[in-house]
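Participant: Please construct the entire structure, taking both the sequences and the accompanying hints into account.
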Amino acid sequence: MKSHTELGEPPAIEALRVTVEFDDAAHRSLRVGWTPDAYRRFESARIFLVDGADRTYLRLVDWQDRTSIQLPEALPAGSYAIDVDAYGSASWGDGHLDARGRSDCFTVAPGGAESDSGSGD
Numbered sequence: 001m002k003s004h005t006e007l008g009e010p011p012a013i014e015a016l017r018v019t020v021e022f023d024d025a026a027h028r029s030l031r032v033g034w035t036p037d038a039y040r041r042f043e044s045a046r047i048f049l050v051d052g053a054d055r056t057y058l059r060l061v062d063w064q065d066r067t068s069i070q071l072p073e074a075l076p077a078g079s080y081a082i083d084v085d086a087y088g089s090a091s092w093g094d095g096h097l098d099a100r101g102r103s104d105c106f107t108v109a110p111g112g113a114e115s116d117s118g119s120g121d
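Numbering-wise (our numbering), the sequence shown opens with residue 1 and increments by one.
Because the hints were derived from the structure by calculation, they are not lab data.
The C-beta atom is built at its ideal place from N, Cα and C for all residues, glycine as well.
Any given hint might turn out to be false.
[Stated by the list, open to error] Cβ pair distances, simulated, as ranges:
hint : residue 1 : residue 2 : range
1    : 31        : 109       : 14 to 24 Å
2    : 17        : 52        : 18 to 28 Å
3    : 55        : 12        : 35 to 45 Å
Facilitator: Structure below.
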């Protein structure tokens, strides 16, 4: 049987479960973690802040499945989520996204985080 690559089809993008926990709500500091459905290590992951249809790049993480993020102080109050795009190789030239996931929404209040709704897919 021919592989996706041999058939000219891109391989399927794996789903990630993304969790967000607040370390320090007053300083908008949070921990982000991600796990695939099956055990797999990713060479790198790009972290994005999601506001509606807009994604803002926050950080690149190498060889880890979690990171700490400091949200910008100028970030307006509102409902947000975190997206994680994971890559099995750091060769950005091939443009191959291996896995993607989005956290549940969380609320940022004017002075910091107001609520944390847990994990998402």
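Participant: Are the hints correct? Go through all of them and say.
Facilitator: Structure-based check of each hint:
no.	hint	verdict
1	31 / 109: 14 to 24 Å	holds (18 Å)
2	17 / 52: 18 to 28 Å	holds (22 Å)
3	55 / 12: 35 to 45 Å	violated (21 Å)
The earlier numbered hint that this structure contradicts is number 3, and it is the only one.
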